[in-house]
Amino acid sequence: MSSLSNDYGASADFASAVNAAVLALKRAVSRAEETLVGQPAGEPPPRERLALVLLDLARQLSVEEATEDVETPLPIPEDVITRLKAKHRAQLGWYLDDLRQTAAALQGKGSVEAHQLHVLDDVCDAADATASASFRRLWRR
Amino acid sequence: MAQLLHQLLYDLRQRCCHLLAELGQLSPTLAAEAVQYRDQMAARLARTGTLIEAMLADPGLQDPLLVRNYFHDYKRLSEQMHYVEAGPVLALKHFGKDDLAMTRVVARVCQEINFPYRAPLCATLSAHYYWALPRMDLIFVPCGEPFHLLALADLYHELAHFLLERDLRQLVRPLLRLIDKFFNRMVKEARQKGWPAESVARFDERRRQWKRYWYAEFAADMLAAYWAGPAFGWSNLRLCTNLGVELFEGVDSHPADAARHAGVRSMLLQTGHGAAAAQIDVRWAELVALTGQQPPTEYDLVYPPELLDQMATLLCSSARNMGLAAWCGPVAAAGPHVTNLLNAAWDQFHASPDAFAAYEHTELTGLRQGLGLPPG
Numbered sequence: 004m005s006s007l008s009n010d011y012g013a014s015a016d017f018a019s020a021v022n023a024a025v026l027a028l029k030r031a032v033s034r035a036e037e038t039l040v041g042q043p044a045g046e047p048p049p050r051e052r053l054a055l056v057l058l059d060l061a062r063q064l065s066v067e068e069a070t071e072d073v074e075t076p077l078p079i080p081e082d083v084i085t086r087l088k089a090k091h092r093a094q095l096g097w098y099l100d101d102l103r104q105t106a107a108a109l110q111g112k113g114s115v116e117a118h119q120l121h122v123l124d125d126v127c128d129a130a131d132a133t134a135s136a137s138f139r140r141l142w143r144r
Numbered sequence: 009m010a011q012l013l014h015q016l017l018y019d020l021r022q023r024c025c026h027l028l029a030e031l032g033q034l035s036p037t038l039a040a041e042a043v044q045y046r047d048q049m050a051a052r053l054a055r056t057g058t059l060i061e062a063m064l065a066d067p068g069l070q071d072p073l074l075v076r077n078y079f080h081d082y083k084r085l086s087e088q089m090h091y092v093e094a095g096p097v098l099a100l101k102h103f104g105k106d107d108l109a110m111t112r113v114v115a116r117v118c119q120e121i122n123f124p125y126r127a128p129l130c131a132t133l134s135a136h137y138y139w140a141l142p143r144m145d146l147i148f149v150p151c152g153e154p155f156h157l158l159a160l161a162d163l164y165h166e167l168a169h170f171l172l173e174r175d176l177r178q179l180v181r182p183l184l185r186l187i188d189k190f191f192n193r194m195v196k197e198a199r200q201k202g203w204p205a206e207s208v209a210r211f212d213e214r215r216r217q218w219k220r221y222w223y224a225e226f227a228a229d230m231l232a233a234y235w236a237g238p239a240f241g242w243s244n245l246r247l248c249t250n251l252g253v254e255l256f257e258g259v260d261s262h263p264a265d266a267a268r269h270a271g272v273r274s275m276l277l278q279t280g281h282g283a284a285a286a287q288i289d290v291r292w293a294e295l296v297a298l299t300g301q302q303p304p305t306e307y308d309l310v311y312p313p314e315l316l317d318q319m320a321t322l323l324c325s326s327a328r329n330m331g332l333a334a335w336c337g338p339v340a341a342a343g344p345h346v347t348n349l350l351n352a353a354w355d356q357f358h359a360s361p362d363a364f365a366a367y368e369h370t371e372l373t374g375l376r377q378g379l380g381l382p383p384g
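Residue numbers (our numbering), protein chains in the order written: chain A, 4 to 144; chain B, 9 to 384.
Hints in this document: simulated from the structure, not taken from any laboratory. Hints are not guaranteed to be accurate.
Unchecked claim - Once the Cα atoms are required to be at most 30 Å apart in a straight line, the calculated DSSO-like pairs of lysine-lysine come out as:
1) B:Lys201 with A:Lys88
2) B:Lys189 with A:Lys88
3) B:Lys189 with B:Lys219
4) B:Lys219 with A:Lys90
5) A:Lys29 with A:Lys112
Said to hold, decoys possible - Pairwise CB distance ranges, derived in the manner of DEER restraints:
6) B:Thr37 with A:Lys88: 48 to 58 Å
7) A:Gly96 with B:Ala286: 47 to 57 Å
8) B:Ala297 with A:Lys88: 38 to 48 Å
Just so you know, even glycine gets a beta-carbon here, dropped at the ideal spot from N, CA and C.
Model the full structure from these sequences, guided by the hints.
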């Protein structure tokens, strides 16, 4: 059970962190487009963190053999990767492009488009589902 | 869409207030360790309550663009509430002398091993053997454990899970990198040897198993062996004898018992306990003979001995760098030394199993006295 507890801890932390960053981004989008343009000063640091998560996700989804782990701020739980791989299996190439383009938008000075917010929400959904499933495994046996 | 969340947030707030009230009404004679723990959990609940209030007051809850993200946040808060109710509040409401005894034993162990975090509270409520909730600083043990010595080394395995949840950079990431590097090499070699594609593909599933749960169980076993020495190896053997089913087959969350035994051995060799490891191996072989089981085909591909050895080497080095104390033999100590006691207990048990009960009682009485507890 302790490893299930570890698993829940990791997946809940990831889900919470990604969700908080996406929420902050969406609030900025809702408030004023100008805040997304220009230097990152005033932009929440989560924007860059999200970009790194997406790039790490793309890296882990795109190779048959995993390359060495890059030090990203948020380690991505295995089950999140499995879920997204299963969901986008039929069009994985396009999905990887979406991830990389969204990451580029986050790292750039321009605004984030609606379809890129959708990419981020997709990751949030997978992270949430993983955390919830992990929680159920821990407590409902 | 937001009505459901808004309403359930009121329910969550009410539950939070109730749990806070429960903590506030705990017995005034609660032991100091439990009072301190209660205060920590009350502070956490108060912070959770603040988050709930903030969400209730947030106009963004009605924004269709944001509501799904609020839903995700709500679920984490709901899970947190369940965690506190099923863990700390349950433990505190039933906290008695046996729980205090185990809590003090754990605290002493934490001092001996240079545990880098606050010592967890211990609750003797478990119907599922030993298990831990690191997020809640809590370890559950079976109700009989305050009265016995031979399984107490499993406490060290549970303490290891705290490190595995909290020390990503120093422990977890290097382990996951090691696993990736190993399986990358396996895949490369398999392809070079012209293995069928399905055989090569099975490495992917094995890698996933290792990285999902198994690495944590192997690592917790190895750290326990690092800290507790042969006592953990013997305790593990006892557990596999009592509760084991298929020694060579793992389940989703746990690797095979035989592989775990091999992992423990690897660490005991790293910490200079080769002779004891050999003795444990002799008894392990007896267990295997009793079961009549044999490793299935591809067992060594699922649980590569080389990977286990590499993990033990890496963990031993990481543990030393973190300042964690390995047990290298009896330690001179003022007052009771739990790790000494557990290893001596197993030696005594082997020498004289029929007289062990009296020995155990005497040692536990001395331990309780040394920890400032009344006799059990």
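Would the pair Lys189 of chain B and Lys88 of chain A pass a check requiring their Cα atoms to be no farther apart than 30 Å? holds (21 Å)
CB of Gly96 of chain A to CB of Ala286 of chain B, is that within 47 to 57 Å? For Gly96 of chain A and Ala286 of chain B the Cβ distance comes to about 54 Å; the hint holds.
Hey, Lys189 of chain B versus Lys219 of chain B, does the alpha-carbon distance stay inside 30 Å? OK: Lys189 of chain B and Lys219 of chain B at ~12 Å, within 30 Å.
Distance restraint hint 48 to 58 Å, applied to the beta-carbon atoms of Thr37 of chain B and Lys88 of chain A: holds (55 Å)
Decide if the proposed pair is consistent with the structure: Lys219 of chain B and Lys90 of chain A, CA atoms, cutoff 30 Å inclusive. Between Lys219 of chain B and Lys90 of chain A the Cα gap is close to 21 Å, so the pair holds against 30 Å.
Confirm or reject the claim that Ala297 of chain B and Lys88 of chain A have a C-beta distance inside 38 to 48 Å. Holds, at about 43 Å.
Check whether the Cα positions of Lys201 of chain B and Lys88 of chain A lie no farther apart than 30 Å. Distance of about 28 Å is within 30 Å: holds.
Given the hint that Lys29 of chain A pairs with Lys112 of chain A, test it: the Cα-Cα distance must not exceed 30 Å. Distance ~16 Å between Lys29 of chain A and Lys112 of chain A Cα, so the pair holds.
Figure legend: structure checked against the earlier numbered hints; every hint is met.
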